[in-house]
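Spelled out, the chains give:
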Amino acid sequence: MVKKNVKHPMKGRNERISRKRFLRMGMYAACAVAAEFIIPSCGNIDRLFSSPDDAFRVRARYWEHLSDRAVRCTLCPNECLIAEGSRGRCRTRVNRAGVLETLVYSRIVAVHVDPIEKKPFNHFLPGSRAFSIATTGCGLSCRFCQNWQISQSRPEDISAESISKEALIRRATESSSRVIAYTYNEPAVQFEYCIESARFARERGLRAVIISSGYINAAPLKELLRHLSAVKIDVKSFREQFYRDICSGTLAPVKRNVELVRASGVWLEIVVLIIPTLNDSPQEIREMTRWIRTNLGEHTPVHFTRFYPMYLLTNVPPTPVSTLERCREIAVAEGLRYVYVGNVPGHRFENTYCHACGSLVIRRTSIFSVENRLINGACPSCRTVIPGVWS
Amino acid sequence: MMARVSRFFLSYHLPAVAVYIGFASAIGQVLLIRELLTVFRGNEFIIGMIFTGWFLGVFFGARFNASAGEAVLERRVVLSYLLFPIVLFAFVHFAHLIPLFFSRSAGLFFPMTTEFALSFLFTVPVSFFVGYFFPPLVTLLAARMKEKAGGMAYLIESLGAFAGGILFSFLFIEMLNPAGICAILMGISLLIFVARSGKKRLLPLLVLPVLVLFFSEDFERGLFRYVWNRTQASMLLRYDRTKYQTILLGFNDQQISVYGDGVLYYTIPDRYETRQLFHLIQALRNGGKNEEIILFGSGPGSLPYNLLRTDISSLAYFEIDPKLYRTIEPYRIRFYRTGPEDNRLSVISQDLRYFLKNVDERFNMIICFPPVPHNANLNRYYTREFYELCRRRLKPGGIMITSISGFSSAMDAEQRDYIASIYRSFSKVFPVHMKTSGDTMYLIGGRGNGSLISEAEKIISNYAKRLPQLKKMPLENAIMEGFSPSELSGFFEKTRIDYFDKTVIPRSAEIIENTDRMPYAYWNYILHSAAKEHSLLYGILKNYGYFLTLLIAITAFVLYRVRVRHGVMQFAGSFVIYVVGMVSMATVLIMVMLYQNFYGVVYYRISLINALFMLGLTVGSYCANRFAIRSLTRVQMGMVLVLGALFVYTFLGIELLFWPILVLFSALCGTAFPALFSLLSKDNYQSTASNLDAMEFFGSIIGSVGTTAFLPVVGIEVLLGGIIVVLFASIAVSHYLSLRSSGR
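These protein sequence lines map, in sequence, to chains A and B.
Throughout the first sequence, residue numbering follows the numbering used here, covering 6 to 396 in sequence.
Throughout the second sequence, residue numbering follows the numbering used here, covering 728 to 1471 in sequence.
Just so you know, these hints were derived from the structure itself, not from any lab.
Hints are supplied without guarantee of correctness; some may be wrong.
Some chain B residues near chain A, calculated using beta-carbon distances under 10 Å [unchecked claim]:
# : residue
1 : 997
2 : 999
3 : 1073
4 : 1077
5 : 1236
6 : 1240
Here are the in silico distance ranges between beta carbons for each label pair [what the hints assert, rightly or not]:
# : chain 1 : residue 1 : chain 2 : residue 2 : range
7 : B       : 820       : A       : 314       : 26 to 32 Å
8 : A       : 314       : B       : 925       : 56 to 62 Å
9 : B       : 931       : A       : 253       : 45 to 51 Å
Straight line, CA to CA, 27 Å or less: simulated BS3-like cross-link-like pairs of lysine-lysine [unchecked claim]:
#  : chain 1 : residue 1 : chain 2 : residue 2
10 : B       : 1198      : B       : 1155
11 : A       : 123       : A       : 260
12 : B       : 1192      : B       : 1122
13 : B       : 1050      : B       : 1084
14 : A       : 123       : B       : 1185
15 : B       : 1050      : B       : 1122
16 : A       : 170       : B       : 1229
17 : B       : 1050      : B       : 1155
18 : B       : 1221      : B       : 1185
19 : A       : 123       : B       : 1122
20 : B       : 1221      : A       : 123
21 : B       : 1084      : B       : 1122
22 : A       : 227       : A       : 170
23 : B       : 1221      : A       : 170
24 : A       : 170       : A       : 123
Remember, predicted model here, so these are calculated numbers, not experimental data.
Built from N, CA and C at the ideal position, the CB exists for glycine as well.
Here chain B stands alone, though its shape is the one from the complex (with noise of 0.2 Å):
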């Protein structure tokens, strides 16, 4: 048996590898994000610097001695997939160990710079092995295949990050935990080694990767116990793994602070935090009974056990994960010594903006306490699409209240545009409106004219008639011991009222909306963030042509150096794979920015969308090698067809169409590589493949990080447009190419 085995490795040996370095790098991708997020701020910033450390880990393991000799591809391929899982597992657990190594007092954020250095120090020694097999595997499979070789290696490696991708969102995200993982990882490595050399003795070996599976819970609850109560303020109390995150309890002096991926959510009990905020929903309800509430950002605590305590008729309580509300219920019950038996209350693991978008259902009183935007999805809250669909979903007389980030006494430039971007927005919907003071503000909106009184003496002199009433209720002591109607002043602070209509409401007019497809709100708050730490980002991301001038500088170096060692048909090849990277990668981001405005938290859905666009890579591939594309011209057209389609998405929004793009785009994408090498290769099939397969990842990276930086400030419409530009520009030198190879 083993023998046979042996046998069939030895024919299959290559394909086998690239096959599971496709699969364990699509997961390896997705690991090391997941995991750099729960000690880094979960931004899309920082995930792009991730993909970008990732792609600059392949390109420099691409690029690396592009012309070693035979002697050594064998053992470089052997060296990657022995050394990739393990590299990855102690990676994957080195990140955790970040607040250590680098000390930093508890509670605070890493500056962005220091965030995106180590982004890179944790993608690059990964990624790099990626990289590093590809050329030799191409060359040695050249033996056999000639020019196919390449468009080989790149369907079958496609093929298993297809794999992996789906083996990690329906199943190992379910199951296992990093540690897991990497153990299988590590097991299917030392198998493929074995099985190829023989060396049956090896295989007690295999004890260790089960070792680590076995003990992976203990191992990793181990560490996050040692890590956090070293570096937080707070001992921790559990920890969960769920597919949207990493939830974590820290306990301290009778209270438990809940976070997600390391972010600060909510605490419980926050009934002090609570009091003045009750009291001014109280206040806004138009005095019916049997009203209706959303309430959506609050967490569990007093705000919820409160409302339920007067004569609502429903609270609808959102919580996407609903693996967050099972985690803190028991505390939640310990804490207000109550049970979930209310049947008033209904708790939805739903995207809010989804909920609305597909119930018919209207309210009495939307409540929206989403997180400040420090990244596209939450920016999603913030938004004049999201406002329009919270009015529409409010009865007559509805009010909606949300809050935004405020100032004590003054703000900066920053943080004025980043309010004014988001005011902007919600008073084009609700031109009904008023706004409190405070280090957090809340902007109150009302659905018609008579919804809601804007003068603050009438609300606390109404709310003072009704309270004798709401005294009857059985509301917690801290909310109403002592209490009196002018509490309520400290929500209306005339001197703060009139600075922000005097600083931000001009500035509202002449600023850019906050929307979906344009997410401005977002970037300020980037910005906002960087000046606050005094970042030497900030003068970059402030002056974006600097940033710009700085990519098209960077791009026009690695391409010289391409045009001065390899000459111009591989100048020329390498210019159209770095477009083909630079717009894969650009679209994909795109693509899953416009996923997550229609449907909502798309963190665990990016593998996914990964696989999905691996599969179009293996589909594009294979009929490229079975058709024998030369000329990529009609691909890039088809391509930017496509993109047209895509453009029109943005606005339609039609569900059926998403999966389609994205397949067909990256199967026209997976072209792109076996038709070059196959034109370029002649006899020198390492160069080639080195030479290609790095210049697709440093496009990668340039489509990355620009995407990143540009979207948020000018829009998903415009940068489509500049991609296709771009395209254009890539077809008239593939053209060129095609000319060339022709002998015309």
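Chain A with its partners taken away, still in its complex shape (with noise of 0.2 Å):
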């Protein structure tokens, strides 16, 4: 009796207001105030659901057709297998009606003027200038990236500006640059565009390099790599884990590359971000770096860089000098002629030194400060030919 009273306490009552009644009135009540809140914040709407605009759109190349209209992008190693108005893991190439488009042709998101040094190439027209473009996306999601901004974003997060190829070779030209660098996030992405302003570029004179990652399929990079001058892969780890736990892809099709651009006669420079802990063991070191002199040469420069807490990966400390210094120590004593300590302003191995002689011939106190004193591309002091691009 008394827990019927509990439930029921104001049986009459509920003539008057039902529970339908009641609950249709708070119904229409937070209507009312969604809609107050929703009709203003439609612009945001858009923003979180927004498609990119067509002005970008080409046809993509290095992909082909399956079932249903389905497609499978061959662009890169993830090989994404991408439904009908879906986009693939790097967010710039979409299905439209089973045809694979680029959303990325010619859409620049950053532009900058930057000493090559800061690429870091050392072996390649030290001093110069390189007109650095960018676009968004990328295969890869390193917790770590610096140009998270644009890699791990869709193009229609990022402002942009479209730059055709005349345009960006008139823009290269103002400011001064020997050097088009496709740069801060995966040029991959925008191969179409790439492929095309690189040949533009070659054919007047300025020289086309890629910042990669070396995450792309053989035969795509075999195509670009016929337009460029110089590529930088970072070398992200020499474990397959640390590609999977921590940039979410593999490690095998990267080595595949780097040889592949070695074989190619294209200037090769090696980076490797070392990141406390993560990739830092003297063990995994000693592998990389005599895989790196057996298979391309004990010339090739590789870039031992210092990591800075960034993107997701910001609460481990930067990189200890000392740990850098252990890496190069391991690389030397594995062979590698040309082995330096990067992100690190005014070290000493920051410097070109001779691998003949050991005579200082370049010297670097930050990538803004560079004094050469090679002599034709050679050592002043022991005339030995110092191998990179130099004119």
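Put the complex together from the two separate chains, hints included.
Written out as structure tokens, the structure is:
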């Protein structure tokens, strides 16, 4: 009896305001309040669900038809299976009615003029300027990416400008740049634009370089290499597990690609970002540098660069300089001749020393202060030719 | 003797339990917040979620089987006070094991959604018992006290919470670690049980909490070391608990990393990081000798070391936590081979803002490198009020240098807005200013025309002339070796500064300015972090209209359930107590924020603010019982008036007003539960207690979530206005209730 009273204490009054009516009134009130806020925030809805500008769409290369209007992108090792209306992991290639399109053709979100040492290239036109451009997207998701704002975004998330290949060459020339660098994000995602503009640049006497993670399939890479003068590849680690856990990728294609670049004759430099405890074990560095010496040659420049807390990896301290020095020692002991310590302005191993006599041939105190002592690409002391592209 | 104690407890057992649960819950809440913050990011959003989880647990506990038979009531009470300290002990320490159970790469924080889910997971099971014991306790008390039982239980529990808050703030925090505190709570609960049951043979069990207390330091050290060495990018060198934070020093390859509450602060030595920054500071100095400099946020490594090797006359280094500086000092001396003997250096353990507000001295240079504004406390170093304070403390021609996180190549909309909001505040206070490029940008403001050379080339060429003089000073090798002034070009990359001018400056003209009362940059930083993680929360946070709708819909649903189950009177009472819970929580959070704005770091004071709030509740519930308050209309009008006083306080900041407002407001809140209980309970004590207690905490949940989410975007004044409007709505319902109860 008591329980009954508890459940229906105001039985008579329920006739005045029924449960249904109460619910309905509540719903109306909620809808009214919701409308108040939804209507002004429609702009935000647009931003959340917007589609990219059609002006940058072109038919993509390197993909194949599958059944039911699905496609497989074959540009990078992810080889995404893309259903109609969806995008690949790089966020820049979309399946539109069974045809793969790129959303970033000539869609440039970052334009800067950088010293070539910033890429870093230490054996490629030292002291020159690189007209550096980027779009959005990347096939990897490295948790420490320095340019995550663009590499981990969709094209429509960042304001961009359209730069035709003609405008690109004109602007590069106006800025006294000798080099066009496809950098900041993975250049492979703008493969179609990269190929066309790099060929166009070469025809007009400018050099094109890419700063890449090396995460691209062999066929497109070989095609791209025909138009490039230099390639810098980030080898993130020499462990598959690191690639899988920290970058959501795999190491094998990267190793294959650095060999391909070396075989193509295009100038190659390797960068390894050393992150404390994640990829800095002496054993890993030894294996990596031994592999580089064996497969790429002892003269391949290798940069061990310093990590700073970045993107999602913000709670790891910067790499101790002593760790970088130890990595360099291991690499030298393994027989590499040009091993650098990077991101440590003023450090003596940012300089280039002749592999034959040990003389200082290029002095760098930060990327903005370069003193090139080479004479026709040779050491001024012993006349040994230093490997690289010097003019 | 034992028999006398037993007799006493037979009479006062239930009040003693209420005092104990109040006492233990006040301590447990703060303990959980502090420990979870060593694993998660310490921003208000997470703190808000922890609070929410806590209240949700109480809500579930209070609602759990509200119509249980009398036979189980006492068992429920006993179970609650016996299990609470054990569950608290377990979850406080499980919190440290989170990185092991939910493994992720060293250096990564959990995604925000995971942090929220884990906050709930680790608080709900503990606070469940705080709600679980209350309705049965009230029912048992009602056998003697009838409709006054609810008010009495509320009063006694609040009194216990007040005692817990005070003891924690002034005693436990200095003397004991969480394991030790939990051991004391376990001991008390066992004593209560033995006294009540008279089972003296259980007394030897007291050895267990005594053992925990005795070995708590070793236990904690072992636990910290075990977890740290398996989940972090360094080996744990030492840890220290201070009243501000838990300090952890990690060691890796000749480098020490300093963490506070699990967040990386800085490393020593930091010679190469400092090199270019040191030269930038030197280049910006006006060339005069005997300059007085304030330095904040750089860490105690190379920057202060090398500045003291130049011709400055004084360096005031700020580190709010004195124990942090003392902990690092031996290592600093080892790395820099120098002692603290330089009498030009003063290490000031004060909040920089508080110091600047209360000092008359003026300085040539204020160098301020605060961590990113991922919480409202840090946001205080990016607001217009802070920049104004700095400007006032600069000598004519003086310079302020501060840092914000910049960009490498481009910015997304959230980062742009976050920077634009800060830039607007800075540029308004320092019309003469310049900025640098880079992943960390520096905003440099000068007091008066001519204090600053704004052309990069001129700065570099001027510095080149002064360099020979600098080379004579005994600076570190890494700072001076091969230095060329052209290195400074890295701070002034033209295309990046042009990008900033094109992107941020137009936006800063239209965006909300970052101020103390509207910490908009903090909010944008949270959004920026959510976007960075591709978090689902981004959509909700970005469109806070939906969020408000969601809160209203949940409230409507819960109130509807009350209406269906308990009828109109209970529904009306629930609405009133819901509003009181919501308003009280929102007001406490606003007051915490105001306190922080005026007096600096607040974390260690949260428990004191909580305690005084509980004191107010005690006084309020005492008055409600004593004077048999049955109509809340006047009380709520009083709350409106006090909120009006708080509104005035936000502008005037009269220190004397803060504590009276807090206690007075909470006293008014404290009258609500007893008054409504005596009005609504009739003979159904347990159900009413369950309903009112649950709805009060439900209101607290909404108040906590709502304030955390909306304060940064609408500001304190608008939020207070909103609270007052809601209060007025509840006054109408109170009026209806009093009419119905008097039979009209």
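Tell me, in ascending order, the numbers of any earlier hints that this structure violates.
3, 4, 5, 6, 9, 10, 15, 17, 19
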